[in-house]
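Since the structure of chain A is provided, determine the placement of chain B on it from the hints.
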Amino acid sequence: MILKVGQVAPDFALKSHNGQIVRLSDYRDKLSVVMAFFPLAWTPV
Amino acid sequence: MKTQVLGLSVDSRDCLRAWAESLGGVTYPLLSDFYPHGRVAQLFGVLRSDGRSERAIFVIDKNGVIRYVDVHDIDEQPDNELLFSVIGELEPEAAVRWGATQPVVASPPPTGDLVLYCTPWCPDCKRARAYLAEKGISYIEVDISKDRAAAQRVRGWANGNETTPTFDVRGTIVVEFERPRLEKLLQTR
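Protein chains in written order, with the numbering used here: chain A, 1 to 45; chain B, 1 to 189.
Chain A on its own, in the form it takes in the complex (with noise of 0.2 Å):
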């Protein structure tokens, strides 16, 4: 259920801490993206 290595990964849209919509699509043909999704904010490791 993970996605994997080769797969086109799903747009999405969300709203930034500075209020803004970021996309996925946005960065297209732009910009490599890392994405790091971490568990809660204020639980540092």
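Calculated from the structure, these hints are not laboratory results. There could be a bad hint or two in this list.
[Claimed, not checked] Partner residues are not named here, just some residues of chain B that face chain A (Cβ under 8 Å, in silico):
#  : residue
1  : 3
2  : 9
3  : 13
4  : 27
5  : 41
6  : 43
7  : 57
8  : 82
9  : 112
10 : 114
11 : 131
12 : 140
13 : 146
14 : 148
For glycine and all other residues, C-beta sits at the position ideal for the given N, C-alpha and C.
Quick look at chain B alone, frame taken from chain A:
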């Protein structure tokens, strides 16, 4: 920097904003996957049953294709060196700017027409070796139980698992001994 970092969590935007302020600001967007709860985490397969996401990294190239996946132990920091090496393969300039002092790869992967990632005890690896010998195909073998940098590469290809055998046929990765797919790839050499 030619690589965009996005942080994602199921926290609300207010919470993320407050946290960013407490850290003195962050240089990349923190995205709120709050409503619908964890929908994007779910899309990527990393929403946990306790409602949080895993500590996971996906590297997406400019064509929108996933090139690296690391789902990490939730209580640990993921390995930055390996991440830099993957980014470096996609964006060499970014690797330098992020402070990787060596050229790009933490441990240079072997080059050759066929690289076989194995362990000494794995039965499918034995089958793979026998098959390649039968076909007269030469290859470089990497023992991932000893070469831990290679093990991390395999984890990046095999969704966090050290799956063997894993084949690198001139840059095309085949995880497990998928004979039909392998035969097709090897024929085109």
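Hints the structure fails to honour: Structure breaks hints 4, 8, 9, 10, 11, 12, 13 and 14.
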